[in-house]
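J.: What follows is each chain in one-letter form.
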Amino acid sequence: MDYYDPKDLKRFSEIGKFGQELMKKFFDYYNAATGEDGALTKREKALIALAVAHVKKCPYCIDAYTTQCLETGADPEQMTEALHVAASMEAGITLIHGIQMHNALEKQGAL
Amino acid sequence: MSQAHALKRKIEAIDQSDEIKYDFYKTLGDKRQELPPLSIDTLQVNVTRLCNQSCVHCHVDASPRRTEQMDLDTANRCLEILGEHDQIKNLDITGGAPELNPHFDRLVREAVKLGKRVMVRHNLTVTIDGNPVTGESKSYLPRFYAENGVEVISSLPYYQEYFTDKQRGKGVFEKSIRAILMLNAEGYGRDGSGLVLNFVYNPVGAFLPAPEKSLETDFKRELLRKHGIVFNNLYTITNMPINRFKQQLKKLGAYDEYMTKLVNAYNPAAAEGVMCRSLVSVGYDGRVYDCDFNQMLDLEIRVNGKPMTVFNFDYEGLIKRRIIFASHCFGCTAGAGSSCGGATA
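Chains A and B, in that order, give the protein sequences. If you're matching positions, the first sequence starts at 1 in the working numbering and goes up one per residue. If you're matching positions, the second sequence starts at 112 in the working numbering and goes up one per residue.
No wet-lab data here; the hints were simulated from the structure. What you were told as hints is all true, and nothing was included just to trick you.
Stretch-level coverage of chain B by chain A, calculated; a stretch enters the list once three of its residues show a Cβ under 8 Å from a Cβ in chain A: (1) 266-273; (2) 316-327.
Here are the simulated DSSO-like cross-link-like pairs (lysine-lysine), alpha carbons at most 27 Å apart as the crow flies: (3) B/Lys372 - A/Lys17; (4) B/Lys132 - A/Lys7; (5) A/Lys7 - B/Lys361; (6) A/Lys10 - B/Lys137; (7) B/Lys372 - A/Lys24; (8) A/Lys7 - A/Lys24.
We put the beta carbon where it would ideally sit given N, CA and C, even for glycine.
Please take these sequences and the hints and turn them into a complete structure.
T.: Spelled out as structure tokens, the structure:
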């Protein structure tokens, strides 16, 4: 059995089985934040969501936002650039923690 | 073609299990919509299935190997119908690459003389490639179109090479750009010239088109910036789940997902504007259909038990007909809708 079955994405609303009201609030918020043009266009939001989906390693979201990017007019070049933003942020976040390492080294008298 | 062979083709083209699963009539009933014909503003004429390209999405299955051509008698009869009916304002010529029909130039000139608005579904690259069978040059086309005031409607899947070549074949983007620049040089797409150049976008895969106006803004900005190209309007069209595109979806195991997407995106407002309510489509052999897609599925119009052709054309009978719908019609009613003139809602 696969842990991630693509068909499960369509069952998302079932999470509301034991808390319908909260799920409704979540979906209303989610749809307003991602599914409508605002100060950011739907395409810009889709590209951000695609990058987040990769950082958080969510296969459901990668499928959904690849489609959403295409259906809002983005192309593979823009989608790939969004991934590089995410990947470089992750690299930067890892590297900036090196300062913590330096602080620890200093404390040990090794720096 | 024998009757038995024709029937076999029809059954192959329309898979009944798909029709049961994706029942357009049921959706119309659920939404309490009927969609009867409103008028016949446009005679859309498919003059050939021959094309210099073999695009992945092509609902006509057109290619350099196809041989079907409209003959002179049938083309002349189309002109007579246009002359006899003031209600039919537009002639929309399509194919294949319609310019590869030997009577194409005459059809355009005579329809213009009748005062009709003439639109041609021009694939751009035929100007550069010429006739793939005879080698005849077609480089005269941009000037010919300008001289006759033809409205040019051209497929350009994207403003970048990648998507365009993926869908239409390697090298198509570069040739398309050269052909567009020739049209621009004749005045097409330029303010005040009166020469209209519209582009058609359709998705490269199993997804719905982006909103028409936002995509048009991108196309205009990028094509001007990178290539100095100008044009009038961008039409977005949904890929129809028939023929070559349907086979591709089935092969990828994506057919049901695509159909579900189309069904879920059914938009009653888009359905009200479907093109079959205001045009009829003529095949190369003169048979009359509700649209070019029904034509490719051999879903011919029958009035009083007889197939309608240009030789027994009956305007009143056509206005009273029941349009034939099937599962592919969900392609025209999804989201913002889809027609030969782009979104319908």
